[in-house]
Structure formats: C-alpha cells, structure tokens
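Asks: Protein chains in written order, with the numbering used here: chain A, 1 to 268; chain B, 1 to 30.
Keep in mind that the hints were calculated from the coordinates and are not lab data. Keep in mind that the hints are not guaranteed to be accurate.
[To be verified] Covered by chain A, according to a simulated footprint, are these stretches of chain B (three or more residues, beta-carbon under 8 Å):
#, stretch
1, 6–15
2, 22–28
[To be verified] Reference excerpt, derived from the structure (chain A facing chain B, CB under 10 Å, subset only):
#, residue
3, MET107
4, ASN108
5, LEU111
6, TRP112
7, PRO146
8, LEU161
9, TRP173
10, GLY175
Where a beta carbon is used, it is the ideal one built from N, C-alpha and C, also for glycine.
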Amino acid sequence: MALAVAIVGSNGLEALGLLGDDGLTRQTFAPIAAVVGGYIFGLGIVMAGGCGSGVLYKQGEGTFAAFVAMLGFGLSLIASYHGPLQPLMQFLKGYKVSIGTGDDAIMNPALWDIFGGPQYKWIIIAVIVVAMLPVIIKGKPFGKQPKKGWSWSLGGLLVGLVIIGAWWTSYQWGGRARGLSFSGPLAESMFFFLTGDSGAKNDQLFSIFGYGAISWSSLYILGVPLGAFISAKGLGEFKLTTPREAAELLRVFFGGVVMGIGGALAGG
Amino acid sequence: MEVQPATIMVILSGILTGLVFGFVLQRGRY
Chain A
1 MALAVAIVGS
11 NGLEALGLLG
21 DDGLTRQTFA
31 PIAAVVGGYI
41 FGLGIVMAGG
51 CGSGVLYKQG
61 EGTFAAFVAM
71 LGFGLSLIAS
81 YHGPLQPLMQ
91 FLKGYKVSIG
101 TGDDAIMNPA
111 LWDIFGGPQY
121 KWIIIAVIVV
131 AMLPVIIKGK
141 PFGKQPKKGW
151 SWSLGGLLVG
161 LVIIGAWWTS
171 YQWGGRARGL
181 SFSGPLAESM
191 FFFLTGDSGA
201 KNDQLFSIFG
211 YGAISWSSLY
221 ILGVPLGAFI
231 SAKGLGEFKL
241 TTPREAAELL
251 RVFFGGVVMG
261 IGGALAGG
Chain B
1 MEVQPATIMV
11 ILSGILTGLV
21 FGFVLQRGRY
C-alpha cells in the first residue's frame, strides 16, 4: 500500500515540476550490490528485530534492544561509507547497468527506459500498481480495525504520503530532492554527533548556530524516535524494556552490524 | 559545497518530517 501510494505520488510530484529540474534523483542500478546487499540486509533485520526505520521508532517505545541494534547498524554503516569496508563496497558496486553508449548513454535507467523512454513512464507505473492491487485487496484494507493504533491499510497509506511529502520537503529545505531513506542518513547523523560533520558527499550541509556541518536527512533521523514516543505515550504503550539475556543484546547488536553492511551495499 | 547556516525552516522541516514518520510507523505497527 505504502509503495503503491509513494510510487504514484512521488512521480506525480516530479511530473508537476515540484521537485526542480533534477526531479527524483534515481540511483544507478548496481544489480550485484543490490541483490547481495538486500539479502544481507534481510538477514540483519531478522537478527536485529527491525529494519532501519524499525530500530529507530522502536526506541521511541522504550525498547533498549532497538538502541543497541542502531549502534551496531550505525557503526557498520560508517565503516562501509568511510572506513575499511569501503573498498569492498566499491568493488561490489562496480558492476552497473546502463542503457546505450557514448554521450546518449543513460547511466541511471528507470524501468521505462528499457521499454523505450519516459513516454512510457505512466504506463509502466500503472502496470506496477495494478499488479499490486490483488495483494492489497487480499489483505482486506477495509476490514476489521485494531483496538489500538491504525489498520495496516491506513498506516500504509500514511507512510506513502509521508514518503511523498519528504521528497518535497527535502527539495524545499534540504538542498535537493532526496526523499526518505535510513542507511545513509543514519550514518550521517551518527557521524555528525561523533565528528561535527555529517560527511554527506552529495548533499547541502548546514551549520547549527554556527557549529558543524549537518545534512537535512540527519535531522529527520532525530525526529523518528521522538514521533514514535509521542504516539506510544498517547496509546499508553511506552515502556522501557531490555532483553534479559546478554546473548540477546549481542544478537541484536550484530544484527545491526549485518544490516549496516547490507544497507550500505544495496544503496541505502 | 559551502556549508550554509541552517534556517529555522531547515531544522523544523527536517525534525518534523521524522517526527511525523515515527508517529505513523508506531501507530501503523510497522
């Protein structure tokens, strides 16, 4: 649901010219890095008990294990972007898919470039969204509502809308349309707090009251646990919890480390 | 790229984007 809403809305923003001349900045497709990184990231999620945004919002519910997972996640992200894992990342990201050669080559092709170009953009998007519909309908989006919180369909719709909004806000105030992601921005946020510089190579950096160089994306990383805390408090679900076993803490920490390697490799 | 002073809108829009997203994730049980 979130994906369907985000795909249509984000491309709609671009089509309306609300994201400037560059529009949605699409990454170059590096298939080996994406598949291997995605697989590793998935393994890490299971070990850590949450994905990139998951380990952030669960801290807002008082889950100490999520904080430990975030530390492992952030450390391996920084090692991947700035440290000893960087050569491995660059090697695996070396195989990239482009279409055409010479001056006309498309270095970061979208799906519609395979089928002939941007004139097919909305046809491809329509096909993808229609293919998603059976899955969405099977989940009974208007079915029984939970006693607390929101239904998956309302949650998904709102996640999609926030993703669309983030493309616009990042363009308006962050220096470029970057949208929401968590691997790169978490590394930038932690790097800022460790060194005073986010180390974001492709983004506008800002000084806070004359100090340091922080990226816009680092700022929303701070907001996620805060928003989850407000929600959890409102539902009476905030509770400080910690795993009873040290082995559990080790598992979530190394789960975070595995997630960071996978996330950095797969493209953030 | 030259570092610019963060305006109040840069800080607010950044933190509020995360805040709303965190709120939605928690309510939606993501």
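Asks: Could you run down the list of hints and mark each one as holding or not?
Replies: So, going through the hints one by one against the coordinates:
For the stretch 6–15 of chain B, the stated coverage by chain A holds: 8 residues have a C-beta nearer than 8 Å to a C-beta of that chain, and at least 3 were required. Check on the stretch 22–28 of chain B: 7 of its residues sit with their Cβ under 8 Å from a Cβ of chain A, so the three-residue criterion for coverage holds. The closest approach between the C-beta of A/MET107 and any C-beta of chain B is roughly 21 Å, which is over the 10 Å cut-off, so the hint fails. Hint on A/ASN108 is violated. Least Cβ distance to chain B is approximately 21 Å, over the 10 Å limit.
Taken as an interface hint, A/LEU111 does not check out: its beta carbon lies about 26 Å from the nearest beta carbon of chain B, beyond 10 Å. The restraint placing A/TRP112 at the interface with chain B is violated, with a minimum CB-CB distance near 28 Å, outside the 10 Å limit. Restraint check, A/PRO146 versus chain B: the minimum CB separation of about 8 Å is within 10 Å; hint holds. Residue-level restraint check for A/LEU161 holds (minimum Cβ-Cβ distance to chain B is 8 Å; threshold 10 Å).
Using the Cβ-Cβ criterion of 10 Å, the hint placing A/TRP173 at the interface with chain B is satisfied: the shortest such distance is roughly 4 Å. For the restraint placing A/GLY175 at the interface with chain B, the shortest Cβ-Cβ distance is roughly 8 Å, inside the 10 Å limit, so the hint holds.
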